[in-house]
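So you can see what is in the structure, the chains are spelled out below.
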Amino acid sequence: MKPPRFTYHAPATVDEATAVLTEHAEDAKVLAGGQSLIPLLSFRLAAPEHLVDINRLPGLDQIERTGQGWRIPALVRQRAAERSPELAAGVPLLAEALRHVAHPQIRNRGTVCGSLAHGDSSAELPSVMVALDARMSVASANGVRQVGADDFFQFHLTTAIEPHELLLAVEFDEPGPRTFGAFQEFALRRGDFCLAGTAVTATFDADGSVERCRVVAAGVAPTPLRLTAVEELATGSELDAATLVAAQEVACREVSPLGDARADAAYRRQLLSVLVRRALGAVREKRENSDAA
Amino acid sequence: MSRRDEQAAVPFTKNMIGAAVERREDYRLLTGHGKFLDDLDMPDTLEAAFLRSSFGHARILGIDTSAALAVPGVVAVFTGEDLRPMMKPMPAKVAHPDLQEIARLPMALDAVHYVGEPVAVVIATNRYIAEDALDLIDVDYQELPAISSTAAALAPDAPLAHEGARDNIAVHVTQRAGDPDAAFASAPHVLSETFTVTRGGGHSMECRAVAARLDTVTGQLVVWDSTQAPHYARNALANLYDMREDDIRLIAPADVGGGFGPKAQFYGEEAVVPWVAMQLRKPVKWIEDRRENFISTMMERTQTHRVKVAFDDDGMLLALRDVFEHDQGAYVAGLQVPMITLSTVPGPYKIPNIHTELFSCYTNMVPTSSVRGAGRPQAVAAMERMMDRVAEYLGMDPAELRRRNLIQPDEFPYKVGLMFRDGSPLTYDSGNYPELLSGVVERIDYDGWRRRQAELRTQGRLIGIGIACYVEGCGLGPYEGAKARLTNSGEVLVTLAAAPQGQGYETVYAQIASDAMGLDMEHIRVTTGDTGRIPFGQGTFASRITATAGPAVLQACQALRARIFTTAAVMLKIEGDNFVFRGDRVCLAEDESIGATLREITQVANIGKHGITLLRGVPAGLETQAYFAPERAAYASGAHAVVVEVDPETGRATVLKYVIGHDCGTVINPLLVDGQVLGGFGAGIGNAMYEEQFYDESAQPQTTSYLDFSLPSSMEVPPVTLFHVQSPSPLNPLGAKGAGEGGTIPAPAAIANAVEDALRPFGARINEIPVTPPRIVAAIAGRTTARQMS
Amino acid sequence: MQPDVHDGIDGQVLRVIVNGKEHRGVTEARTTLADFLRRELALTGTHLGCEHGVCGACTVLVNGSAVRSCLMLAVQADGAEVETVEGLADGNELSPLQEAFHRNHALQCGFCTGGFLMSITAALREGPVETEEEAREVLSGNICRCTGYAGMIKAVLETSEQAHGTKAAS
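Chains as they are written, first to last, in this note's numbering: chain P, 1 to 293; chain W, 294 to 1083; chain Y, 1084 to 1253.
Heads up, a few of these hints could be off.
To be verified - Capping the alpha-carbon separation at 27 Å, the derived lysine-lysine pairs in DSSO-like fashion look like this:
1) W:Lys643 with W:Lys601
2) Y:Lys1237 with W:Lys902
3) Y:Lys1104 with W:Lys950
To be verified - Chain P residues, not near chain Y, derived (Cβ > 12 Å throughout):
4) Pro4
5) His9
6) Gly33
7) Gly34
8) Asp53
9) Leu157
10) Pro177
11) Ala246
If you're looking for bench data, these hints aren't it; they were derived computationally from the structure.
Virtual Cβ for every residue (Gly too), placed ideally from N, Cα, C.
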């Protein structure tokens, strides 16, 4: 399981990186953490002629505060994000989800942006970023463009990033004091890809009902899936017991996961709906605890 | 007295036997200086990579290797055609007179019969380049229908897994005891069920590996092979190459990274690589990677058991019938797995009428062969699941039902009425099954958990308790051997034919040797797994080595001790043999100042004085050897009990408590035996809940990496309370049985029993193992899953 | 060992400090860090169990972090400090963790051991491990097929107690 040959590039600036990507486009792949890409090379499921190692690009490894929220550039390792106390305090949903990503040894190298660029709908970070309504900064020789998370994930392992582009950073607003999030996933073994998962955020108004929310399913569709029918049902409610049960039923009808020998479609559908109910319940509980505090 | 009685009668001390001695192997393994095959310094060695079939069944119309040969760094490419001179069938390791044997060649020739079958081999300066060349080999396949399950194999008008075969049945074997038909006809109660048990591969952390070099000066072929069976492999090569066995030296490296059964088989790659090394007159090595391991290393797959039991109102078993299908794969590498299943089903119970029947089926998937447990987990699952069903039917406690039917301690040797795979009538040598059962019941706090179960049910929590008992044939013959020699430096060298993969032979057999001789362990060294050092051996499998090599070491060392004392007596001019060892000296028991060092003794008996007559009475050459051939297999036994909680919404089953009772006869090193049981348990949990290899309808493997096949980590293996019972075996002077598989064998049955018990309020049926969350949820919903429908 | 650089193929120059010793080498870009350590530097204590980042047998420390050396290109370790299992002992003296493994029979075949030792070493540098559950978490990124993990859990707790002075909860 040895990687095939490629021409190796280690650009020193973003401009150099995008220049190489412009020249080689479909024949090139970006190497950041390598935790998803290198296995593909070892299995020879991918054989890019050019590998663009962006690990030497300066200034991309620090989590930054922006006016309204946070910016995570391309070389921030998942482990750094997981262990940032400020990020954990400001965006607890992200910290919660990061703990489920594989194992620390993978998170030490894997990058937050790398997971997004890889675009596996069973992974944790894509659905979390959709729940956070994040914005992806995609760079090319022509400059940087923003793509919203809702539009970023297009199909299995396919994102809005064009062959000549690279994901430079992901940005999201800090959830306000009335916004709470929860992440639930179910995997056969600790650290495995989930059989289903969900990332939920909800903003409550002063009287405790949901003003707006995002309910995102992982692992049941080619991309992270916004469960808009669930969101509609939850909006205006207090996420009371009856709403949760109803939300579970709606979630069940809203997804059409594929089954395989390991986990049949009926199972994944049920699993996802249960996780949605539990995640919404967890969100309500967090709001109640925050009120009590 | 018979020879065996004489040998058994020689007493030996028990200072080291039974001691928890820490392992000698550890230092090199802890410091990164292990001697695994790919770690060995073999300068100028070429590396091989195998091209493997991408179809389950296809004719090979042609292979074009020209582009591969043109890659810089590629030295040679061989296809089956190129290897014709050495292409002979590799016979089944365990056969049967009725076997429809289909020739298994070292490499595919005209057709391929499973995805993963070797089709060509590239030899290059390194593995990276060899794999580059693989991508350039062009094979013209004509796809044929493939058989992907035993149901498909046995279906009427099924296509043939092998063109030209009579049908898809490798062998059909029936075993009977008593008169089962009559017993079923007259029984008050009869219950039937169909169970499927799927197991996975061994997945040792080190994959397979073989390296070879022809010594062009001596003409001897030297092969390093990460095999569990060096002599078996050496003999296979000698047969394939038409060479004398002494012209092939096969060495299992001192460190092999796990075996568990798959490395006890003989594979085409083990035949091809040394052959290529001889043709090229250059050293060649092949290190299997995990992708290859998933698709071409032998595994166990699915057995489907149709079980029927007859019993009376008191739960006494009257008759057992189990007709099962075994997926043999594309070739019969050996029939041991299903033959073991065939006779393991009755387990520790008194059943007067038994009918077990095997349909071993050819399919177009990689051949199946032993994986830790080797057919016993499936048999135990069939029996233990039925015991719980009988208990449920009668409204009887499952532990009580088992208690009533167990063979009692005073009933040994116990003849079951069937034949075991070692060719002798299935006769259990010793054991205390009631103590094992009561031991797990007590330690799991069975009564306490039954109370809690009822309470928690009212709160909607699903708790289940499962029990499984088993008997394990082990210590198989035909024999194992050991040599013992006092070397010129005064060290005792014990040479085993057997090869270890982590069992601690360098330590354990030094312990046995120490007690056999009465000599401190520090003066004893053990070497293993080299056909050049000892001519005969069988291999490490079926938990057999302690019970066979142990007695051989005992006997060889006792004989060496006698020769040393005889020499000492002559040297010191003393009558009699009342000597003892003290440190590195042999001295008189009653006056330790009179003695000689071991070095002085070797000087006299081994080295001698050039041309000078040996002292009269000195036995020249202080080396002995012994081969121990057990009369028949020994029988280890045990019981597992488990408490689980099931989340009915997600299907998650969590183990709350697990107890293992284990009886392997005399325990030589408790530290190592516990390691074997708990390690086996890790594999058992994997089989029970996580490991499953899938193939689709065209026999394409669907689980081809650890991203879709789950091995248990420390989070998935629960803590265990372990206790031992010691029923020594009368079949060898150590009283030893086997300890390698008891942790694995009943775990799937115990877990399945516990989960079904937890789901009793739903009346859900758990008929498939592994017991996974999707199956649990489907069982609650009364749904059948994909596998059950095929 | 065969050189990985072949005629006509550009090699990458790299400088890496392994177990405190500096090494300079030339290697193909596609050579993994694991293969570079094993083949170029003859440090064969780091083993390859799966080559896709799951089993952990290849775990080493790079700039103090536990990583899968099968998922790094050697060139990515240019300028880095790498620690492998060969560097844990002090001459002939085993480290407390290695001793604890030995005492508790935490290894059988030994193939996975190097990877576990490095993962645990990294974890213990971060802080104490005080409960069985925490120990299981620390071990969960590596796979062992021989031991069932029981001895390793004890070894981790004992070593943590020794290193951090906090008593492990039983």
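Against the structure, the hints come out as follows:
1. W:Lys643 with W:Lys601: Cα-Cα ~16 Å, so holds.
2. Y:Lys1237 with W:Lys902: Status violated; Cα separation ~55 Å.
3. Y:Lys1104 with W:Lys950: Violated, because 48 Å separates the two Cα atoms, which is more than 27 Å.
4. Pro4: At roughly 7 Å from the nearest Cβ of chain Y, Pro4 of chain P sits no farther out than 12 Å, so the non-interface label is violated.
5. His9: Contrary to the label, His9 of chain P does not stay out of reach of chain Y, its closest Cβ about 9 Å off (not over 12 Å).
6. Gly33: The claim is violated: Gly33 of chain P sits with its nearest Cβ about 8 Å from chain Y, within 12 Å.
7. Gly34: 5 Å, violated
8. Asp53: 7 Å, violated
9. Leu157: 16 Å, holds
10. Pro177: 31 Å, holds
11. Ala246: For Ala246 of chain P, whose nearest Cβ neighbour in chain Y is about 36 Å away, the distance exceeds 12 Å, so it holds.
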